[in-house]
Amino acid sequence: MNRLQERAFLNRLEELRGPVPARPHDARAIAALAANPGCARRSVMDAAGIDKDRTARHVGFPAPFGQSQFAITRGNGFEALVKENGCAELLRVLRELLGLPIPQVGYRDVESVGSHLRHSHTRALIDHAAREEEGTAVFYDHPLFSLEIAGHTSYLEPDVVAFQVGGRFHIVEIKSFALVDGQAEPEKVAAAARQAAVYVLALRTLLADLGHDPERVSHDVVLICPENFANRPAGALVDVRKQLAVLTRQLTRMTRVEHLLSGLPEGLTFDLAPGEDGTPTRSAEELAEALRRVPARYAPDCLATCDMCMFCRDEARGCGSTELLGRQVRDQLGGVSRVSEALGLAEGTLEPAEGQEEIAELLRLANRLREESLR
Amino acid sequence: MSDSLDALERRIAELRAEVRRAVAARENALARSLRGDLRRAEQAWDAAVTAEAPPRPREAEVSLMPIREQVHQALALLGVPTSAKLVVAVNAAFFARELRGSQLTSLRRDEERSFRSDPYARPYYLCAALTDRLSPARGLLADSTWPTELRVLGPLSPRVHFLTSTMRIAEHLTRLAEPPAGAVRLLSRMAQNIPGAAAGFAPADPVIALRAAGAELEVHRAADAAQRSEVAARAARQLSDVERLFGVTAMNTLRGAC
Numbered sequence: 001m002n003r004l005q006e007r008a009f010l011n012r013l014e015e016l017r018g019p020v021p022a023r024p025h026d027a028r029a030i031a032a033l034a035a036n037p038g039c040a041r042r043s044v045m046d047a048a049g050i051d052k053d054r055t056a057r058h059v060g061f062p063a064p065f066g067q068s069q070f071a072i073t074r075g076n077g078f079e080a081l082v083k084e085n086g087c088a089e090l091l092r093v094l095r096e097l098l099g100l101p102i103p104q105v106g107y108r109d110v111e112s113v114g115s116h117l118r119h120s121h122t123r124a125l126i127d128h129a130a131r132e133e134e135g136t137a138v139f140y141d142h143p144l145f146s147l148e149i150a151g152h153t154s155y156l157e158p159d160v161v162a163f164q165v166g167g168r169f170h171i172v173e174i175k176s177f178a179l180v181d182g183q184a185e186p187e188k189v190a191a192a193a194r195q196a197a198v199y200v201l202a203l204r205t206l207l208a209d210l211g212h213d214p215e216r217v218s219h220d221v222v223l224i225c226p227e228n229f230a231n232r233p234a235g236a237l238v239d240v241r242k243q244l245a246v247l248t249r250q251l252t253r254m255t256r257v258e259h260l261l262s263g264l265p266e267g268l269t270f271d272l273a274p275g276e277d278g279t280p281t282r283s284a285e286e287l288a289e290a291l292r293r294v295p296a297r298y299a300p301d302c303l304a305t306c307d308m309c310m311f312c313r314d315e316a317r318g319c320g321s322t323e324l325l326g327r328q329v330r331d332q333l334g335g336v337s338r339v340s341e342a343l344g345l346a347e348g349t350l351e352p353a354e355g356q357e358e359i360a361e362l363l364r365l366a367n368r369l370r371e372e373s374l375r
Numbered sequence: 376m377s378d379s380l381d382a383l384e385r386r387i388a389e390l391r392a393e394v395r396r397a398v399a400a401r402e403n404a405l406a407r408s409l410r411g412d413l414r415r416a417e418q419a420w421d422a423a424v425t426a427e428a429p430p431r432p433r434e435a436e437v438s439l440m441p442i443r444e445q446v447h448q449a450l451a452l453l454g455v456p457t458s459a460k461l462v463v464a465v466n467a468a469f470f471a472r473e474l475r476g477s478q479l480t481s482l483r484r485d486e487e488r489s490f491r492s493d494p495y496a497r498p499y500y501l502c503a504a505l506t507d508r509l510s511p512a513r514g515l516l517a518d519s520t521w522p523t524e525l526r527v528l529g530p531l532s533p534r535v536h537f538l539t540s541t542m543r544i545a546e547h548l549t550r551l552a553e554p555p556a557g558a559v560r561l562l563s564r565m566a567q568n569i570p571g572a573a574a575g576f577a578p579a580d581p582v583i584a585l586r587a588a589g590a591e592l593e594v595h596r597a598a599d600a601a602q603r604s605e606v607a608a609r610a611a612r613q614l615s616d617v618e619r620l621f622g623v624t625a626m627n628t629l630r631g632a633c
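Sequence lines, in order, name chains S and R. Numbering-wise, the first sequence is residues 1 to 375 according to the working numbering. Numbering-wise, the second sequence is residues 376 to 633 according to the working numbering.
Simulated from the structure, these hints should not be mistaken for lab results. Any given hint might turn out to be false.
To be verified - Looking from chain R toward chain S, a few residues come up when the C-beta cut is under 10 angstroms (computed):
1. Arg-386
2. Ile-569
3. Pro-570
4. Glu-591
All C-beta atoms in this analysis are idealised placements derived from N, C-alpha and C, irrespective of residue type, glycine included.
Kindly generate the complete structure, drawing on both the sequences and the hints.
As structure tokens, this is what we get:
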């Protein structure tokens with residue numbers, strides 16, 4: 001893309017967003033991008049930095065998320081415990097897990113410089129650490145990374161970065177869900193891994209930017225959780241190579257949303273400009289109408305990651321889409337995109353179109369089996 | 376103790392039986408002396424049972440000592456710049472006093488104000504530990520009477536401080552005839568993060584903890600001291616009296632940035 005095209009592209013995104021500031025992506029949001037890569041609605045909204053939460057609220061489908069205050073307090077408390085006394089608890093875990101040698105205990109609190117300098121200070125410290133041959137291992141507490149996403153800079157705060165012998169950086173992710181008998185809930189671990197992958201990517205980008213080898217950031221992230229109902233931190237290494245691959249692909253796709261944009265009608269906007277009383281001036285119907293112009297790919301797992309989930313679910317229900325049944329079922333149904341169509345094929349009231357013979361046969365078989373078992 | 380209680384209960388039962396027999400046999404003199412024995416046995420039982428009741432646990436009491444005195448005492452025990460959280464824990468463990476973290480938040484600011492309006496009027500000030508950029512370290516309290524080398528931080532200092540405070544707590548525990556349970560718990564929790572200082576979740580032995588922490592401290596001591604004296608020298612060169620105690624604000628650090 002040349003400079004002129006890029007400007008036009010960014011203008012188009014700004015037009016979509018309307019006269020409101022772009023919503024910066026946090027690591028959680030970036031990680032969620034990898035959850036449903038095929039959804040055009042989401043790609044466009046994320047690329048334009050549209051506040052999906054406010055949009056969903058305005059059209060009357062607020063997403064049922066939000067962490068409870070209790071969970072937040074617990075998370076913060078656990079993080080403070082892991083980091084207190086110069087990361088003493090974390091040091092124990094890393095000594096057990098990675099064999100961190102005794103002399104390597106350095107600790108630097110990046111936040112001590114004040115928030116406005118944190119990003120440049122992180123850069124300077126990481127550069128310094130990467131230059132030193134066998135420097136003392138250092139915990140960088142409260143670092144601040146940045147990542148370019150579709151023309152906007154997002155700032156990210158990993159929990160801790162640990163520098164380790166062998167010249168490799170490790171991202172440390174502190175989570176307060178419990179590790180019981182060495183096991184944790186797979187979905188929570190997966191979410192943590194996706195989030196940590198964002199930090200790995202950001203740190204790799206930083207190293208590459210400084211002229212170092214980005215591979216010095218390990219793809220193994222250290223996940224710290226409380227163990228066996230006690231509040232004692234325990235650690236595990238999580239390989240995030242897969243998450244990294246998905247994320248990288250997704251981020252490159254986001255910069256290539258232009259072909260998605262070219263398919264959209266002129267003048268389309270998801271403008272949320274607030275009136276004097278703070279509520280958006282645009283009517284909810286108008287906004288919903290605009291949203292429907294961009295195709296969504298709803299799947300039940302959207303309920304866990306996307307702010308727009310309730311709106312898309314309602315829409316999918318309204319038209320009887322088979323997407324509602326989950327990705328697996330939808331894939332098995334082949335080209336059948338409506339529930340009514342599938343039922344028609346199964347009951348034989350609908351003639352299979354070309355290419356649908358096989359799936360129609362399967363549906364009829366399934367229907368016959370069902371009838372027999374109900375008899 | 377409970378053995379003697381059991382014996383006394385048996386004796387009481389026997390005496391009651393004998394009193395019953397004596398009364399039945401109309402041996403009044405014998406019955407009277409047996410009743411006397413029974414009463415004495417019962418009194419002994421009463422005394423034994425109340426003596427055995429566990430002493431009431433020491434309750435955290437609201438101390439009459441001002442907060443800054445309490446913090447100063449905890450800092451004197453630990454001897455290194457310390458986070459408010461550890462100050463509160465030490466204060467509760469050794470002095471059985473209740474101090475809340477939130478009570479410490481404005482302490483450093485108040486001290487700075489007092490120093491600015493009337494320098495060196497107090498024997499000591501609760502001041503800040505200084506980072507290598509000579510700004511106040513977040514959340515760490517220090518004592519103004521300590522030499523600057525002790526109040527500045529290098530990258531190794533948080534670990535050195537942790538090991539030193541563990542050792543000071545362990546030392547203090549070895550001096551106490553009856554170590555308070557809270558202090559033993561505090562030491563055990565800290566010792567778990569030092570190689571060879573504690574076995575599993577068992578209460579830590581102060582002597583072992585002292586040795587293990589000392590061994591690790593030896594590894595870091597020289598490098599840390601060198602880093603710190605460099606920062607301290609810079610502080611002495613660049614800072615005014617009040618800045619040396621309370622640090623410089625972020626914008627000013629730019630001139631001393633490394």
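Quick rundown of the hints versus the structure:
{"no.": "1", "hint": "Arg-386", "verdict": "48 angstroms, violated"}
{"no.": "2", "hint": "Ile-569", "verdict": "8 angstroms, holds"}
{"no.": "3", "hint": "Pro-570", "verdict": "7 angstroms, holds"}
{"no.": "4", "hint": "Glu-591", "verdict": "6 angstroms, holds"}
The structure shown violates just one earlier hint, number 1.
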